[in-house]
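Q: So the chains spell out like this:
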Amino acid sequence: MDRPEGDGDGVVTVATMEIIVAGLFLAFGGMVMFDSYRIGASWASDGPEAGYFPFYTGLIIVVASLVLLVQGVRQRAASRAAFVEAGQLRQVALVFVPALLYVAGIALAGIYVSSAVYITLFMVFIGHYRWLRSAAVGAGVGVFAFVLFERWFSIPLPKGFVERALGL
Amino acid sequence: MDELQSLLNGFAIALTLQNVLLMFLGIVLGVLIGVLPGLGGANGIAILLPLTFTMSPTSAIIMLSCIYWGALFGGAITSILFNIPGEPWSVATTFDGHPMARQGRAGEALTAAFTGSFIGAFFAVVMITFLAPLVAEFALRFGPPEYFAVYLLAFCSFVGMGKGSPWKTIAAMMLGFALAAVGMDTVTGQLRLTFGSTELMRGFDFLVAVIGLFGIGEILQTMEEGLEFKGRSAKIDARVVWQTWKQLPRFWATSIRAVLIGCWMGVTPGGATPASFMSYGVARQISKNGHNFGKGEMEGVVAPEVAAHAAGTSALLPMLALGIPGSPTAAVLLGGLLIWGLQPGPLLFVEQPDFVWGLIASMYLGNLVGLFVVLTTVPLFAAILRVPFSIIAPVIIVVCAIGAYTVNNAMLDVWLMMLFGVAGYVFKKLDYPMAPMVLALVLGDRAEDSFRQAMLMSQGSLTILWQNWLVGSITALALVMLAWPFVSPLLARLRGARAAQQA
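Chains as they are written, first to last, in the numbering used here: chain A, 46 to 213; chain B, 388 to 890.
Simulated from the structure, these hints should not be mistaken for laboratory data.
Any given hint could be a false lead.
[To be verified] Derived lysine to aspartate or glutamate pairs resembling EDC-like cross-links, with alpha carbons at most 20 Å apart:
id: 1; chain 1: B; residue 1: Lys816; chain 2: B; residue 2: Glu611
id: 2; chain 1: B; residue 1: Lys815; chain 2: A; residue 2: Asp91
id: 3; chain 1: B; residue 1: Lys815; chain 2: B; residue 2: Glu611
id: 4; chain 1: B; residue 1: Lys550; chain 2: B; residue 2: Asp818
id: 5; chain 1: B; residue 1: Lys816; chain 2: A; residue 2: Glu130
id: 6; chain 1: B; residue 1: Lys816; chain 2: A; residue 2: Glu208
id: 7; chain 1: B; residue 1: Lys816; chain 2: B; residue 2: Glu612
id: 8; chain 1: B; residue 1: Lys815; chain 2: B; residue 2: Glu586
Computed from a predicted structure; not experimentally measured.
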């Protein structure tokens with residue numbers, strides 16, 4: 046994390062990231078407190094109400110995140126260390142964005158076909174493999190997963206139009 | 388010697404052909420998981436959990452625990468050959484393991500690591516065999532206040548023994564508790580924190596969180612470093628093994644210290660990772676070869692490996708005896724028990740002796756099988772690491788997605804897995820600890836139930852946590868743990884001031 050010298054410019058500093066994450070914790074803690082208060086966070090005639098335990102959970106989150114927020118602001122003045130560099134962020138996006146598209150594709154084409162397509166495309170465009178080899182690996186994983194889950198373990202996974210067309 | 392009799396029964400259960408085959412399968416899968424980036428003990432077992440639903444609980448736990456042993460062994464392979472710790476607890480193994488490999492002594496380093504692992508695990512299992520039944524018997528007397536105090540102690544220990552900011556530990560832990568509260572409240576039937584979503588009524592499944600945090604998060608981080616695996620090759624033959632084994636008895640004192648550190652850190656939720664670092668540090672200070680540590684000293688491989696395995700194994704003691712897991716992986720195994728319809732806790736020893744002793748016997752056998760498998764198959768697993776990351780990464784993401792989906796057959800879980808993946812990446816980089824968060828997510832409901840029951844007993848007075856010496860001392864210890872990171876800097880400053888005065 047503390048690598049001041051890298052292969053690119055820092056996109057965001059560690060301190061800024063600390064502040065953002067602490068802010069998210071603060072918002073989350075507040076939300077937990079609010080909803081717990083709504084359903085009742087005190088003592089009823091028959092014992093603690095449903096929101097009793099989560100309310101204090103939320104309260105502790107709020108207190109901890111406030112401390113972290115202050116620490117983050119102080120750190121911001123002291124240190125300019127980069128949380129992630131441009132080149133690194135590009136690498137991460139290179140994995141994460143296709144993975145998001147893949148998950149979106151599951152709803153459309155079922156898990157087996159989209160897995161095969163995802164692995165194939167990833168290998169071709171990011172790994173720079175030949176189409177034939179990539180398609181072979183992709184299809185291999187897809188078919189293996191199908192046999193493993195649908196046939197051996199009888200665990201049905203999401204299927205799409207291809208499986209329907211094949212009558213599987 | 389009731390324990391020995393029960394243990395023999397356990398061996399009879401574990402030694403069926405099917406269970407031995409499952410042991411081999413589990414170890415091989417486990418080593419594979421330990422070697423691959425993005426897959427580790429916790430999320431690997433979480434992904435494979437659905438495959439065991441149709442097995443008997445004893446066979447299932449034997450296979451899953453063997454995956455765990457395999458993952459513990461596997462981490463050492465990547466550390467020594469590639470200088471990449473496959474698991475966090477094998478970071479300390481890289482310090483001396485990789486220099487040894489660069490000197491062409493990879494075979495020795497691996498043999499020392501595997502044998503050390505076996506020794507650490509063996510002593511931890513012996514401890515479990517004799518201590519777990521006693522703890523369970525003792526815990527039968529526990530009521531809700533005692534249970535809540537034990538939960539409190541477990542979670543305060545994370546704050547007290549954590550290395551980073553105590554506030555981050557607290558925030559991450561409470562996030563876990565809050566996520567555990569989402570869904571229908573089992574006592575009142577009210578919906579909590581669902582904000583009108585019917586999908587959230589089911590609540591957050593910790594298996595999904597584990598797969599996202601440890602799986603997707605780690606893939607993202609590995610990708611950032613733009614990893615290219617450049618490793619040393621290793622050959623292990625009978626001669627190397629024999630020569631290394633002849634050297635190992637010299638390290639008996641280091642090993643004993645490592646076993647003690649490991650067992651302590653494993654039973655209390657310190658975990659394998661700090662245990663391995665602590666053992667390495669202590670060995671460097673005490674050993675007369677200490678100045679050579681970091682340059683390829685075999686003792687520096689043995690110390691962290693023995694401790695990591697002793698810790699990883701003894702983390703199962705509180706899981707079995709109290710129903711409180713000592714590590715994320717133990718938490719996933721606990722989740723498995725619940726899914727198979729077993730109630731973890733002290734009654735397990737009374738009601739399901741076949742299951743408990745079958746598992747304990749399989750720990751002995753599984754580690755023996757593991758030692759044999761890793762010593763004979765290292766080149767195979769090293770070859771897997773040479774498969775480029777651009778093939779491994781999408782395949783692992785596919786495996787994680789399938790694993791997350793099968794937990795509840797819900798697409799929402801796959802999206803949540805991606806969200807937890809981003810959280811895991813950011814948390815890792817900012818040093819938010821993930822183990823307490825996962826344990827809070829697993830134990831949240833149970834901790835809350837015991838708290839509510841205790842409060843009902845006392846009509847809402849917290850003094851019930853001090854009502855007798857037992858619960859009082861556990862609570863007091865928990866508060867000491869909680870206060871420790873805030874008090875210790877003050878103490879250090881005080882001592883510093885006094886030293887300055889004297890000087």
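Q: Within a Cα-Cα threshold of 20 Å, do B/Lys815 and B/Glu586 meet the stated pairing?
A: violated, 28 Å
Q: Verify the proposed pairing of B/Lys816 with A/Glu208, using a straight-line Cα cut of 20 Å.
A: violated, 41 Å
Q: For B/Lys550 and B/Asp818, compute the direct alpha-carbon distance and say whether it is at most 20 Å.
A: holds, 9 Å
Q: When you check the alpha-carbon spacing of B/Lys815 and A/Asp91, does it fall within 20 Å?
A: violated, 42 Å
Q: Hinted pair, alpha-carbon criterion (20 Å max): B/Lys815, B/Glu611. Please report holds or violated.
A: holds, 13 Å
Q: Between B/Lys816 and B/Glu611, is the straight-line Cα distance small enough, at 20 Å or below?
A: Given that 20 Å is the threshold and the Cα spacing comes to 11 Å, the pair holds.
Q: Can you confirm whether the C-alpha distance between B/Lys816 and B/Glu612 stays at or below 20 Å?
A: Status holds; Cα separation ~12 Å.
Q: Would you mind confirming whether the straight-line C-alpha gap from B/Lys816 to A/Glu130 stays at or under 20 Å?
A: With a Cα-Cα distance of about 13 Å, the restraint between B/Lys816 and A/Glu130 holds, given a limit of 20 Å.
Taken one by one, the earlier hints fail for this structure at numbers 2, 6 and 8, listed in ascending order.
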